Amino acid sequence: MKHWSRRKFLAALAGAAGLGGLSGRPNAAFAAANAAGQFTHRLRLPGASGLYAAVMAKDVRQLTVSELDFEVLPGILSPFRAYVADVGGRRLLNPTLLARPGDQIRLRMVNRLKQPTIIHWHGLTNDERNDGVGNYQVGPDGNFDYAFTVRDRAANYWYHPHPHDIAGEQAYKGLAGLLIVKDEDEERLSRALDLVPGVTDIPLVIQDRSFNFEGKLEYKLSREQMFMGFLGEEILVNLTVRPYFDAARRIYRFRILNGSNARSYRLAFAQGNRLLDYYLIGTDGGLLEQPHKLRETFIGAAQRLDVLLDLRAASGNEPVFLKSLAFDPMHNESVDEKTGKPPAAAAQGGADPHAAHAAPGAIADGTETPLLRINIKSSPEYKREIPPQLSRVPRPAAVAGEPRRLRLGHDGKGNWNINGWRFNMHETPVVVRRGARETWLLQNNRASMPHPIHIHGFQFRVIERQNSPAQIKALAGRQNGLLPQDLGLLDTVLVWPGESVRIALDFSHPFSGDQTYMFHCHNLEHEDTGMMVGYKVKA
Amino acid sequence: MKNILWITLIAALGAGTAFAQNQPGGKQSLYAQAPAAGQKTGKGTGLIQRIDQDKGAVTIKHGPLQGLDMPAMTMSFPVKDKAMLANLQPLQKVEFELAYDGRNYLITKIK
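For the record, the sequence lines run as chains G and E.
For the first sequence, counting from 1, position 305 maps to 305 in the working numbering; every step adds exactly one.
For the second sequence, counting from 1, position 67 maps to 67 in the working numbering; every step adds exactly one.
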């Protein structure tokens with residue numbers, strides 16, 4: 001479907017619904033107000049067994065990629081997929097794997113799906129075989145043995161499927177878990193703030209999902225959704241629909257993963273209309289050097305943000321909401337590349353050229369939406385303060401000279417690409433030398449949409465943002481247009497339409513022989529349809 | 001894709017029509033009338049999307065409605081009595097029965 005006809009349709013829908021005195025979908029304010037009173041499901045937290053239960057990664061011998069029934073909506077069993085581990089008599093689903101730098105992880109993936117799969121260890125520096133991508137996927141009833149050492153900083157990594165063409169479907173249907181690496185800096189912070197995992201140190205996995213009329217998970221994509229990425233009808237946290245949790249008046253740590261296929265969020269904590277300060281303390285690659293005070297920040301698909309919220313700053317007992325604030329989702333794929341202006345047809349039609357991609361029933365991208373209600377309960381006095389120093393972050397390995405340029409765009413026929421390349425597992429159009437330091441310039445076209453670009457094999461630092469849209473500039477600091485999360489190590493960076501992001505990479509690693517990795521858009525529908533490139537690290 | 005879009009458009013129009021019963025002038029007394037000649041009844045299963053206590057209506061993503069030749073879609077329906085909404089929650093799976101008088105739909109039972 002061409003974009004002008006989608007807009008015509010949306011305009012027709014709005015008009016038709018208006019005639020009937022009722023919009024087919026409520027406006028955002030109505031939806032938010034309506035939903036705010038309906039957060040009645042207790043947030044799922046990692047327990048001793050079941051979903052997200054924590055276990056030392058080195059104690060896990062096998063992860064079985066399983067199809068099972070699971071209550072995503074309360075009381076309704078839905079077909080679901082999970083990584084299942086049986087450890088010490090406990091059955092764990094998508095376990096939270098714990099590790100320390102230097103740990104050896106040796107486990108077997110057993111594929112009990114009816115299609116190929118492979119586990120990717122997102123953010124870890126592994127050799128290509130243990131990185132886990134489609135080139136190593138195994139078919140139904142196949143096994144794959146992983147053996148690697150945790151070489152990276154303490155951070156919130158994660159693991160998810162990475163087969164060719166169907167990663168989006170598999171992740172959507174349930175396959176995703178956290179891998180939390182801890183070190184002395186982490187422990188010092190936990191002691192300083194008296195943080196307890198699962199109680200005051202809480203993972204929050206944000207994912208949008210849709211359900212069919214029987215309340216079962218549904219993943220159906222139109223051609224348009226394949227192009228734009230999946231947007232669901234509900235936004236779940238820890239697979240809990242419209243969740244709440246009861247909190248004390250103290251500091252909480254939230255390890256936030258945007259596990260959505262395609263959706264970005266503009267995260268804030270709000271009490272009524274007042275936004276609360278919170279503190280960014282870590283990114284994809286671990287703790288920042290210092291806590292950074294924020295009121296809002298964006299998180300793209302696959303990114304992690306580690307934050308502290310001090311509920312002593314909340315007034316009274318009115319609930320606090322973690323929410324996504326309204327933003328321009330910048331679905332600008334049809335604007336004129338040279339001028340950045342909408343095409344004449346759209347302008348004449350009067351439709352908003354930046355209109356969010358809106359599948360029927362889906363929450364439109366950029367809509368203000370509450371995600372989690374935090375009820376404040378009475379509690380003993382808490383007197384801890386956030387330490388001013390958290391950790392040491394490796395300096396960017398910036399180099400002089402021209403960067404390697406990578407342009408993000410589409411061909412006008414519904415195919416996203418990078419430098420015009422679309423994924424071919426037999427090709428590596430980018431070749432770098434092991435040990436080389438390079439600067440890459442990720443340039444997103446104006447006629448584009450936001451792309452969360454994930455690089456396998458090596459973490460990186462953002463050293464400059466150019467031509468950022470106003471809503472990003474407004475959050476940037478004084479130096480090089482950098483956002484607060486750019487102050488940490490990343491494995492995924494969100495690049496907005498028209499924006500150029502300069503990143504510094506150090507291709508040093510201990511693996512002998514040539515190693516082939518990928519970089520790609522982590523909008524999983526983009527990844528599945530070819531917005532991915534293989535690159536080789538030559539020994 | 002086109003089919004989905006048209007179904008949604010029809011659903012939105014239907015929702016408007018259904019809601020018109022509860023608008024001023026729509027008269028609640030309509031609901032108290034005896035079933036008109038030719039009135040159809042149907043039943044279905046669905047997932048509640050929204051509840052509008054003020055308007056006495058519920059939006060349901062439903063499967064095909066038996067007896068009414070209506071395919072699966074998301075639609076807003078008025079209920080016979082607002083009290084029927086008391087124990088309903090968004091994302092709850094429900095079974096419901098409804099009446100259709102040739103112009104408007106009305107949920108008569110929901111659980």
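Please keep in mind that the hints were generated in silico from the structure rather than gathered at the bench.
Bear in mind the structure is a predicted one, so any value in this text is a computation, not a measurement.
C-beta atoms are modelled at their ideal positions from N, C-alpha and C, and glycine is treated no differently.
Don't take every hint at face value.
[As the list claims (entries may be wrong)] Restraint ranges, calculated between C-beta atoms of paired labels, are given here:
1) 69/E - 223/G: 23 to 33 Å
2) 79/G - 40/E: 45 to 55 Å
3) 72/E - 223/G: 16 to 26 Å
[As the list claims (entries may be wrong)] If you want a taste of the chain G side facing chain E, the calculated C-beta under 7 Å gives, among others:
4) 38
5) 79
6) 211
7) 213
8) 215
9) 217
10) 221
11) 241
Would the stated hint for residue 79/G survive a check requiring a Cβ distance to chain E of less than 7 Å? 15 Å, violated
Does the CB of residue 221/G sit less than 7 Å away from some CB of chain E? Violated: closest Cβ of chain E sits about 10 Å from residue 221/G, beyond 7 Å.
Between residue 69/E and residue 223/G, does the C-beta distance stay in 23 to 33 Å? 29 Å, holds
Would the hint on residue 241/G stand, with a C-beta cut-off of 7 Å toward chain E? For residue 241/G, the interface hint holds, since the closest Cβ of chain E sits about 6 Å away, which is under 7 Å.
Starting from the range 16 to 26 Å, see whether the pair residue 72/E and residue 223/G falls in it by beta-carbon distance. Between residue 72/E and residue 223/G, where Cβ atoms are some 21 Å apart, the hint holds.
Hold the hint about residue 215/G up to the distance rule: shortest CB distance to chain E must be less than 7 Å. It holds, given that the least Cβ distance between residue 215/G and chain E is near 5 Å, below 7 Å.
Status of the hint placing residue 211/G at chain E (closest C-beta pair under 7 Å): Since the shortest Cβ distance to chain E is 6 Å, the answer is holds.
Measuring from the C-beta of residue 38/G to each C-beta in chain E, is the shortest one below 7 Å? 5 Å, holds
Kindly confirm whether 45 to 55 Å is satisfied by the beta carbon distance between residue 79/G and residue 40/E. 34 Å, violated
Can you verify the interface hint for residue 213/G: is its Cβ closer than 7 Å to any Cβ in chain E? 4 Å, holds
Does residue 217/G hold up as a contact with chain E if the rule is Cβ-Cβ below 7 Å? 12 Å, violated
The earlier numbered hints that this structure contradicts are 2, 5, 9 and 10.
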